[in-house]
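Peer 1: Go by the hints and put chain B onto chain A.
Here the protein sequences line up with chains A and B, keeping their order. Positions 7 to 551 (this note's numbering) are the ones given, in order, by the first sequence. Positions 23 to 339 (this note's numbering) are the ones given, in order, by the second sequence.
Hints were generated in silico from the structure; no laboratory data involved. All residues carry an ideal CB built from backbone N, CA and C; glycine is no exception. Any given hint might turn out to be false.
Some chain A residues near chain B, calculated using beta-carbon distances under 8 Å [unchecked claim]:
| id | residue |
| --- | --- |
| 1 | 348 |
| 2 | 541 |
| 3 | 542 |
| 4 | 544 |
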Amino acid sequence: MATAVVPLPERENYLNKEYGIKSWLLTTDHKRIALLYLLSITFFFFIGGFFALLIRLELLTPAGDLVQADTYNKLFTMHGQVMVFFFLIPAVPAVLGNFLVPIMIGAKDLAFPRVNLLSWYLFIIGGLLMLYTILTGGVDTGWTFYTPLSTQFLDTHVVAAALAVFVAGFSSILTGLNFIVTVHRMRAPGMTWSRLPLFVWSNYATAIIQVLGTPVLAITLMLVALERLFHLGIFNPQMGGDPLLFQHLFWFYSHPAVYIMILPGMGIVSEIVPCFTRKRIFGYHAMALAVIAIAVLGFLVWAHHMFVAGISLYAGLAFSLLSYFVAVPSAIKVFNWTATMYKGSISFATPMLYAFGFIGLFTMGGLTGLFLAALGIDVHVTDTYFVIAHFHYIMVGGMVIAYLGGMHFWWPKISGRMYPEFWGKLAAMIIFIGFNLTFFPQFVLGYLGMPRRYWQYSPEFQILNVLSTAGATILAVGYLLPMVYFLWSMRYGKLADENPWGAAGLEWMTSSPPTTFNFDETPIVTWEAYNYDEIDREKGVPVER
Amino acid sequence: MAGNVDALFIFLLMLCGFMCLAIFTMIVVFAIRYRRRAGQMAEQIEGSNALEFTWTFIPFGIFLVIFVWAAFIYFQERTPPQGAAEVYTVAKQWMWKFQHEEGQREINELHVPVGRDIRVIMTSQDVIHSFYVPAFRIKQDVLPGRYTVAWFRATKPGTYHLFCAEYCGTMHSGMIGDVVVMEPAQYQNWLGGGAAMGSLAQTGQGLFMSLGCSTCHRFDTQGRGPNLTGVFGKPVLLEDGRTVTADENYIRESILQPAAKVVSGFKPIMPTFQGLVSEEQLNALVAYVKSLSQPPTGVAGTPNLKPPNGQKPEINR
Numbered sequence: 007m008a009t010a011v012v013p014l015p016e017r018e019n020y021l022n023k024e025y026g027i028k029s030w031l032l033t034t035d036h037k038r039i040a041l042l043y044l045l046s047i048t049f050f051f052f053i054g055g056f057f058a059l060l061i062r063l064e065l066l067t068p069a070g071d072l073v074q075a076d077t078y079n080k081l082f083t084m085h086g087q088v089m090v091f092f093f094l095i096p097a098v099p100a101v102l103g104n105f106l107v108p109i110m111i112g113a114k115d116l117a118f119p120r121v122n123l124l125s126w127y128l129f130i131i132g133g134l135l136m137l138y139t140i141l142t143g144g145v146d147t148g149w150t151f152y153t154p155l156s157t158q159f160l161d162t163h164v165v166a167a168a169l170a171v172f173v174a175g176f177s178s179i180l181t182g183l184n185f186i187v188t189v190h191r192m193r194a195p196g197m198t199w200s201r202l203p204l205f206v207w208s209n210y211a212t213a214i215i216q217v218l219g220t221p222v223l224a225i226t227l228m229l230v231a232l233e234r235l236f237h238l239g240i241f242n243p244q245m246g247g248d249p250l251l252f253q254h255l256f257w258f259y260s261h262p263a264v265y266i267m268i269l270p271g272m273g274i275v276s277e278i279v280p281c282f283t284r285k286r287i288f289g290y291h292a293m294a295l296a297v298i299a300i301a302v303l304g305f306l307v308w309a310h311h312m313f314v315a316g317i318s319l320y321a322g323l324a325f326s327l328l329s330y331f332v333a334v335p336s337a338i339k340v341f342n343w344t345a346t347m348y349k350g351s352i353s354f355a356t357p358m359l360y361a362f363g364f365i366g367l368f369t370m371g372g373l374t375g376l377f378l379a380a381l382g383i384d385v386h387v388t389d390t391y392f393v394i395a396h397f398h399y400i401m402v403g404g405m406v407i408a409y410l411g412g413m414h415f416w417w418p419k420i421s422g423r424m425y426p427e428f429w430g431k432l433a434a435m436i437i438f439i440g441f442n443l444t445f446f447p448q449f450v451l452g453y454l455g456m457p458r459r460y461w462q463y464s465p466e467f468q469i470l471n472v473l474s475t476a477g478a479t480i481l482a483v484g485y486l487l488p489m490v491y492f493l494w495s496m497r498y499g500k501l502a503d504e505n506p507w508g509a510a511g512l513e514w515m516t517s518s519p520p521t522t523f524n525f526d527e528t529p530i531v532t533w534e535a536y537n538y539d540e541i542d543r544e545k546g547v548p549v550e551r
Numbered sequence: 023m024a025g026n027v028d029a030l031f032i033f034l035l036m037l038c039g040f041m042c043l044a045i046f047t048m049i050v051v052f053a054i055r056y057r058r059r060a061g062q063m064a065e066q067i068e069g070s071n072a073l074e075f076t077w078t079f080i081p082f083g084i085f086l087v088i089f090v091w092a093a094f095i096y097f098q099e100r101t102p103p104q105g106a107a108e109v110y111t112v113a114k115q116w117m118w119k120f121q122h123e124e125g126q127r128e129i130n131e132l133h134v135p136v137g138r139d140i141r142v143i144m145t146s147q148d149v150i151h152s153f154y155v156p157a158f159r160i161k162q163d164v165l166p167g168r169y170t171v172a173w174f175r176a177t178k179p180g181t182y183h184l185f186c187a188e189y190c191g192t193m194h195s196g197m198i199g200d201v202v203v204m205e206p207a208q209y210q211n212w213l214g215g216g217a218a219m220g221s222l223a224q225t226g227q228g229l230f231m232s233l234g235c236s237t238c239h240r241f242d243t244q245g246r247g248p249n250l251t252g253v254f255g256k257p258v259l260l261e262d263g264r265t266v267t268a269d270e271n272y273i274r275e276s277i278l279q280p281a282a283k284v285v286s287g288f289k290p291i292m293p294t295f296q297g298l299v300s301e302e303q304l305n306a307l308v309a310y311v312k313s314l315s316q317p318p319t320g321v322a323g324t325p326n327l328k329p330p331n332g333q334k335p336e337i338n339r
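For reference, chain A alone in the conformation it holds in the complex (with noise of 0.2 Å):
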């Protein structure tokens, strides 16, 4: 192009296009502001990870010796309130999802640009009110608010941290509106709901819960800030209020809210394992309906966070045969998975090993959902270290994994440079043993009684609890690993061409890094998704990097 002034002719990209800081800030461009979501989304992630680091560091001995118990208190609130909010919820649909799914479906953009620049803003205002409540002595009701220990019982900034994640959750709000038009209006011709991408599927299955669930969170914060402001008596056993409403309506969210945190990982893998392994993903329509299953029972299960909060008993048993209801959706997507593999091209490239540890660790976080699901056994272990392992195994060894895993997969799209292999396959063994160690002692200490939160604990759960410490401090080494070499790469990788995995999928039919509209002409899609058997029979299986 005539414009471009740097010394190298380099292809205009939506990088280098525009320049300086008023290009990014003001961009509606879905890669761009999927970038800027990047960057803060991974900024809350050390946040949240160095608060993890101090609770670990804290429990390595039985006395509350490191930190005050108000602090203790405070950190593991901060914890899971900035990992949820303002990492998990957010990481792939408004990084990936936003970068890809307008990509894969040959879409220009999103839907609504625009409207996807008001929710990066959203977030941020959102996450300056975290930062406020952080900055100025936190917040120490645990993630969940419970009341009316939230309510009447703390003098923090409970009504603070309650509008962070309000005014976040608009943010998630707009971005899965957005996505739900896009898939809907904005597919290229020929790209039938049939040959869409399972990351697409993923997208729009949590759209749905976030359009849905979101409004409710929102209420319910609400209703928490007014009951501190006012005194409104809602969850006031004293002026009539039901201390318990408050979890119905907050698990009504916070449950699905867990499918926003999976399923987009699952449509990662399902891009992941098909590219390689060469074939065609197994039982493509089973897995796209599985994904939209799992969004729907998922909103059915709630109570099941509450077989002990004082629910009725037949309450328990529809709300725990309702979740073995969507243990069968999920059970399905592995077993299609390790499907897929059979009699495959199997390589060993830095995304499928993340791919394995997600199927690995994802089938250990669901099996173990079974005997949370299990009422008489939840009984012991709700509350308990096990649940904690449980939930961590399906945010961080799925949800955590898969994200890092579709980040290698698709660097050399969003950067335009490869990462170095070597490192890659390094630091993902790193993070598959650090996890290991940090979280399966927890689902031993779970069931010998250690319940959670707890600042100080009985001497005969110190040996588990320095297991898990050890294992902590490997996994945060395992994480600041990608974010050394990624940067490194962006000016030192070996440059990508349009195609580096030989993938399937239109996103990889457009230049590494793509231009502005992603392609210079709309895309005519006339294949089916994961085509790798005429890709192959074409240019040859890919040889091993």
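Peer 2: The following block gives chain B in isolation, referenced to the frame of chain A:
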């Protein structure tokens, strides 16, 4: 109880261990057997409906078995047997207070005899707590403003952890105690060594008189309030036509919010006792009202406080 829970737990461990092993073995075998070889194409397989159905319905069937088994245990855990000894519990930031039927009171220690069913009737003075004895595999949240119930039967003497399992503020991790399980003889000794103030129901009877409850709730049909003899545990017809069971929660609510559920045929003239009675006094009152319905063969140590003129209860008029 613990045995039942552990049996299912071990079953699940074996089942899930087997599933993990099966899936991981498959992944490892596929990963090695089908690792990439130069020039060798993957064999495309579209999927198989038969397989999809298999791995939908077989797991679902297994899940149903787990569900039923676990529900059966939950049902046991949530249904205290008849004739259990009762311990009233008040949780507060950050301690456990116990009141025995016999009148003994203790803090952060609960003494019980071995082999006896113990029904723990709990409420909270402030936030939500959770009564958790890992060794007995029981846990029940303790809520402000209502009673929740847990029960256990200890089978071995010893001292067991009692934890608060629901985050309740600063010293949540300090809200711990011991359940001391004793041989029955030892337990009788322990009982004898304590309070001389009379049983919990007797304390309640005293309050019933001193708070003036007895002026309206007379033991005949002439009172302005319903006669409470024999009411406990029976259905009560309300002014608005509903019927509720007169359990601990109903008695409690009727003292604190008398206008909420008025008995048919009576006027809502009773004043609230919210703020006038402590949780412990409330427990004593509930224990007293309960004792008015107990058969003469009451629990050892609990004198039968049925009034001498004990009439047939008139609940439904």
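Peer 1: Now, for every hint given, state plainly whether the structure supports it.
Peer 2: So, going through the hints one by one against the coordinates:
1. 348: 6 Å, holds
2. 541: With Cβ-Cβ at 10 Å, over 8 Å, it is violated.
3. 542: Holds. Min distance 5 Å.
4. 544: 11 Å, violated
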